[in-house]
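Colleague: Sequence:
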Amino acid sequence: MTSLDRAAIEASRAERIDWRFKGMPAALHGLTIAEAAQRRLDLFEDGFLGPVVVLDAPAMRHNLDTMAAWCAEHGLRLAPHGKTTMAPQLFADQLDAGAWGITAANASQLRVYRAFGVQRVVFANQLVDPAALRWLSAELDRDPRFEFVCWADSVRGVRLMTEALTAAGGSRPVDVLVELGGENGRTGARDLDTAVAVGEAIAASPVLRLAGTGGYEAAVAHGDWATKQSTVDGYLANLRELTIRLADHFTGPAIVTAGGSAYFDQVAAAITEPWPDGLEVVPVLRSGAYLTHDDGFYRGISPFGREHRLGGGSAFRPALHAWAQVTSRPEPRLALLTVGKRDVSFDEGLPEPQLVRSGKSASTLDGCSVSALNDQHAFLRLAQDDQVGVGDWISLGLSHPCTVFDKWQLIPVVDGTTVVDYVRTWF
Numbered sequence: 005m006t007s008l009d010r011a012a013i014e015a016s017r018a019e020r021i022d023w024r025f026k027g028m029p030a031a032l033h034g035l036t037i038a039e040a041a042q043r044r045l046d047l048f049e050d051g052f053l054g055p056v057v058v059l060d061a062p063a064m065r066h067n068l069d070t071m072a073a074w075c076a077e078h079g080l081r082l083a084p085h086g087k088t089t090m091a092p093q094l095f096a097d098q099l100d101a102g103a104w105g106i107t108a109a110n111a112s113q114l115r116v117y118r119a120f121g122v123q124r125v126v127f128a129n130q131l132v133d134p135a136a137l138r139w140l141s142a143e144l145d146r147d148p149r150f151e152f153v154c155w156a157d158s159v160r161g162v163r164l165m166t167e168a169l170t171a172a173g174g175s176r177p178v179d180v181l182v183e184l185g186g187e188n189g190r191t192g193a194r195d196l197d198t199a200v201a202v203g204e205a206i207a208a209s210p211v212l213r214l215a216g217t218g219g220y221e222a223a224v225a226h227g228d229w230a231t232k233q234s235t236v237d238g239y240l241a242n243l244r245e246l247t248i249r250l251a252d253h254f255t256g257p258a259i260v261t262a263g264g265s266a267y268f269d270q271v272a273a274a275i276t277e278p279w280p281d282g283l284e285v286v287p288v289l290r291s292g293a294y295l296t297h298d299d300g301f302y303r304g305i306s307p308f309g310r311e312h313r314l315g316g317g318s319a320f321r322p323a324l325h326a327w328a329q330v331t332s333r334p335e336p337r338l339a340l341l342t343v344g345k346r347d348v349s350f351d352e353g354l355p356e357p358q359l360v361r362s363g364k365s366a367s368t369l370d371g372c373s374v375s376a377l378n379d380q381h382a383f384l385r386l387a388q389d390d391q392v393g394v395g396d397w398i399s400l401g402l403s404h405p406c407t408v409f410d411k412w413q414l415i416p417v418v419d420g421t422t423v424v425d426y427v428r429t430w431f
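Numbering-wise, the sequence shown is residues 5 to 431 according to our numbering.
Keep in mind that a hint or two might mislead.
Claimed, not checked - Label pairs and their computed distance ranges (CB to CB):
id	residue 1	residue 2	range
1	39	7	24 to 34 Å
2	395	277	35 to 45 Å
3	378	276	41 to 51 Å
Treat the hints as calculated values from the structure; they're not laboratory data. Built from N, CA and C at the ideal position, the CB exists for glycine as well.
Kindly produce the complete structure, drawing on both the sequences and the hints.
Modeller: Below, the structure written as structure tokens:
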């Protein structure tokens with residue numbers, strides 16, 4: 005099992021709660037995060053300030069177990085993208101559930117990971133910054149257990165990496181995957197011949213090792229759903245071909261990695277098919293949003309949420325919600341809530357009103373929608389004028405968790421209305 009520094013996580017829980025952490029009740033000020041978790045406060049009775057984003061503990065546990073079981077069934081390693089949460093406490097949960105490693109997107113994230121002792125990191129980008137490469141080289145030498153692999157998509161990038169690492173003078177080579185892209189995609193070599201040339205340049209470098217191939221299939225998926233699926237299948241077929249063409253240059257078992265949270269079923273089918281004799285492959289999925297899932301973007305595109313895929317129904321449960329109060333009822337069928345763009349995601353869909361809590365009772369909020377967000381307000385359009393009143397609490401389902409976590413440094417974890425823990429993020 006890939007490890008991380010549990011002592012560092014426990015040390016971070018000695019941080020004291022104060023005015024820096026929005027939503028926290030005054031009753032917790034001066035307590036450590038660990039002490040606050042022991043208090044088992046009630047989200048509504050003990051002074052939490054709206055808006056407050058919460059994580060649902062049973063739903064997260066379900067999602068962890070579901071993804072772990074699915075990956076094990078399909079013969080996949082999982083290196084979830086940590087940028088979704090930037091919460092080492094949650095990384096620990098993912099690793100405990102069997103994750104093979106944690107994926108990072110940039111050098112600042114990598115330094116957070118290493119501060120908490122993450123031992124295996126997939127760096128899903130080309131790393132060419134000399135300062136970052138100097139730091140990486142020193143970190144590899146400092147900790148012989150640290151396993152790191154990054155990407156390259158150009159011969160020039162390989163040259164820049166080689167120059168910087170040679171100047172750094174480290175003793176350990178850096179493992180690199182050839183990144184394959186596609187037309188109208190993001191990064192990645194645009195054709196197989198270019199990608200092969202990149203792989204050969206990596207293999208020829210005295211300070212790099214060719215460790216496999218990778219990419220991100222969703223970046224090339226455009227058009228209607230059928231077209232997207234066809235394009236993804238074509239991309240994954242090219243990734244297989246690239247891996248086979250580079251087989252003689254790998255220094256060991258080849259890592260082949262792809263997979264966000266939309267097409268991981270197609271990725272699994274492609275990278276776990278039998279490979280040619282003599283080509284040993286480690287298939288790695290990098291999905292990150294599965295941990296909390298959502299009530300919008302991923303609910304609509306996850307393989308588990310499509311009726312015709314994986315048995316139908318949503319195998320993941322939304323575990324990320326916001327609670328906000330009604331602060332104004334200025335017009336019929338309009339309520340203003342104390343939550344806005346500073347608090348919740350809005351890039352892939354607006355929040356979804358789900359429950360209204362008046363006093364100690366909660367009921368479903370049917371036929372309502374959020375029509376707009378300002379910095380600190382949400383416009384809640386009501387189906388009936390008497391559905392909510394000033395002071396009521398509204399539960400909102402959120403879309404695209406990647407742009408929620410970065411707005412909260414400390415997030416309560418709830419079981420029902422009881423706060424059972426707090427998660428510290430590091431953005």
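Colleague: A separate judgement is required for each hint: does it hold in the structure or not?
Modeller: Here's how the hints hold up against the structure:
1. 39 <-> 7: 24 to 34 Å: For residue 39 and residue 7 the Cβ distance comes to about 26 Å; the hint holds.
2. 395 <-> 277: 35 to 45 Å: The hint (35 to 45 Å, Cβ to Cβ) is violated, given that residue 395 and residue 277 are roughly 58 Å apart.
3. 378 <-> 276: 41 to 51 Å: Given range 41 to 51 Å: holds, Cβ gap about 47 Å.
The earlier numbered hint that this structure contradicts is number 2, and it is the only one.
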